[in-house]
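Work out the full structure, taking the sequences as your base and the hints as a guide.
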Amino acid sequence: MYEFSRGPLVWIAFAVFFGGSLYRIISTIIQSKKDKVVLPYMKWKFSLRSIMHWIMPLGSVNMRMRPAFTIFSFLFHICLLATPLLTLGHVVLFKESWGFDWWTLPAGLSTVMTLFVICGGILFGLRRIADPTVRLVSSFSDFVLLAIVLGPFITGLLAYFQVFEYQTIIILHMWSGALWLCVVPFTRMVHMIMFPLTRGYMGCEFGYVRNARDW
Amino acid sequence: MREDVERVADVGLDEPIKKLTPERIEKTVNHVLDNECAARLKVYLDTCVRCGLCAEACHTYLSRDKDPMFAPVSKVKNTIWELVKRKGKVDGEFIRNMAQIAFTECGACRRCSMYCPFGIDISYLIMTARRICALLDVVPQYLQDTTNSHAATSNQMWVQQDEWIDTLQWQEEDALLEIPTARIPLEKEGADIMYSVIAPEPKILAQLLGNIAIIMRVAGLDWTMPATDGWDNSNMAMYSGDFEIMGRVERLHWETAARLKVKKIVMGECGHAFRGAVYDGPRWLGWQFPPIQMVHAIEFYYDLISTGKIKIKQKIKEHVTVQDPCNTVRGRGLGDKLRYIIDATCEKFTDMAPNQEHNYCCAAGGGVINCGPPWKRSRMISNRIKAEQIERTGADIVITPCHNCHSGIEDIIGHYKLGKHVKFISEILMETMEIPDEMRGEGA
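The listed protein sequences correspond, in order, to chains R and D. Residue numbers for the first sequence follow our numbering, beginning at 3 and rising by one. Residue numbers for the second sequence follow our numbering, beginning at 1349 and rising by one.
There may be inaccurate statements among the hints.
[To be verified] Among chain R residues calculated to face chain D with C-beta under 7 angstroms, some are:
hint: 1; residue: D133
hint: 2; residue: S140
hint: 3; residue: S143
hint: 4; residue: F197
It should be emphasised that the hints constitute simulated quantities derived from the structure, not laboratory data. Quick caveat: nothing in here was measured; it's all calculated off a predicted structure. Just so it is clear, CB atoms sit at the ideal spot from N, CA and C, and this is done for glycine as well.
If you want it as structure tokens, here you go:
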């Protein structure tokens, strides 16, 4: 089981993640042609201008209206993406398999960031219940998705501190990580891939076509 | 829950749903979703993470004590999301509810797109809901009447050609009292400017036509208006979801300008008409951009004042504020030019907060006011925040270069007893602009 999880599963997960993401991007571009009014108005300058404003913390009016939530949300997303990429254990596996490695986070910081993701995810879940608007538009699947997002972080933390039986936990960690990667292109986690496209398009509709700001 | 939202009787909604069959609904819904929508619908549906950050953008949500039912995302949930989820298998009551949301609780002002981290065009999704309602003939009666009028007369208020010409001549006569050489030149081929207005001007606000005759004369411009249909592009069909009629209205408008061989069109103080002519119309007709340059009144008056073609004799003394219309400020970035005009013509100006692109919607535009008297109470409740915003400025006059903002804010001022007046820029110019003595004496 460990061998499968350590080998083919990773390949499958990455293949689904990258293949699925590519499929989503290409199909969106093809569909945009059918929409007719999207591509003729897309301009790099205005797309990037809008994207820059929205990936900069407090770069938009809405973010400035709720600074604490914005900073929290940015940190959550940064930790969510950076921790798995820069964790020593992961990089070592890359080194063993493919012979190259890169800079890693100190173990203490990795742990803190992982904890931040877990607590952050739980807070997002609580917000889904507490905020009447978000509750109204949320469904059970939103909570399932949140659980999938947090899965690898929880199991990763347990594995790191060797809570429960390590061998079982580490396999769970690998499977939950694989699940994480596999669901990205096919669930609302696709927002990770679509952000530059939707934001870029709106940036052009406002900036290029209408000479106005959208932040 | 939606059941708590007041159900307003409207023949245009209540009668047609009795005749709807499940088959017709399903077929129509899937036709629109499959054939008229593509990337945007799919991506927007998949990308929305249900974060609710759009809520604070919406005047109906804010005005109704943050009732979650009025958040933009909830409006999409109760319309398009459900249609997609149920693949069009919904009943007449669902369609009626969808029509109420799409036509009367959203003004398509697009403010929410500026608050969505992904820039999801929520107004586009609502317009798609309207499109489906229109194809099912479930449209508020008053709004449908304007579309019918467009279909029959090309203008939105059943103005006949002889009435149109007669009104222009009457207003020319009124203008003559001020400046004897003022004219409203009809059908002047090769003029520099075709001036476009919307049907409420000849129908109920005719003096605005007289005003423009005077302003054009003072500025010494070569202009014309058509004597035929094609003068009104206010285009309520764009908002009722009847895009075929919308396209016809816009095509006739552009063809009229082409027939008159004008260099550019100046659009009077109307936001819808500008949007229809510059964005929605050309796109429906397959043009990337309009075939002839069109400038909105804000830009036009800015040019006249900044180049000295119009001189300001005396600024108005009353305390003023300004309502930024969605279609020309959020939709064209003319906010700074608008303020230039105000500064040039008014002594005391206090801006609204929020302002410019972030201004709250007037709750009248986007076809909402055109849903007529049955919905007025709902419209007033939906814009308490605008009343509070205006009140905070302390101004006596609200200037706005948009017919919908104008009517909507007058209603709000009346309903909330704010005791203020609403004025167009042209009215401010009539009070402040210098009319040379020799011009007044010309031809006398």
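Against the structure, the hints:
1. The beta carbon of R/D133 comes within 6 angstroms of a beta carbon in chain D, closer than 7 angstroms, and the hint placing it at the interface holds.
2. Among the interface hints, the one on R/S140 holds; its C-beta lies about 5 angstroms from the nearest C-beta in chain D, closer than the 7 angstroms criterion.
3. The closest approach between the C-beta of R/S143 and any C-beta of chain D is roughly 10 angstroms, which is over the 7 angstroms cut-off, so the hint fails.
4. Contact between R/F197 and chain D, as hinted, is supported at the beta carbon level, the nearest pair being about 6 angstroms apart and thus within 7 angstroms.
This entry does not satisfy hint 3, going by the numbered hints stated previously; all others are met.
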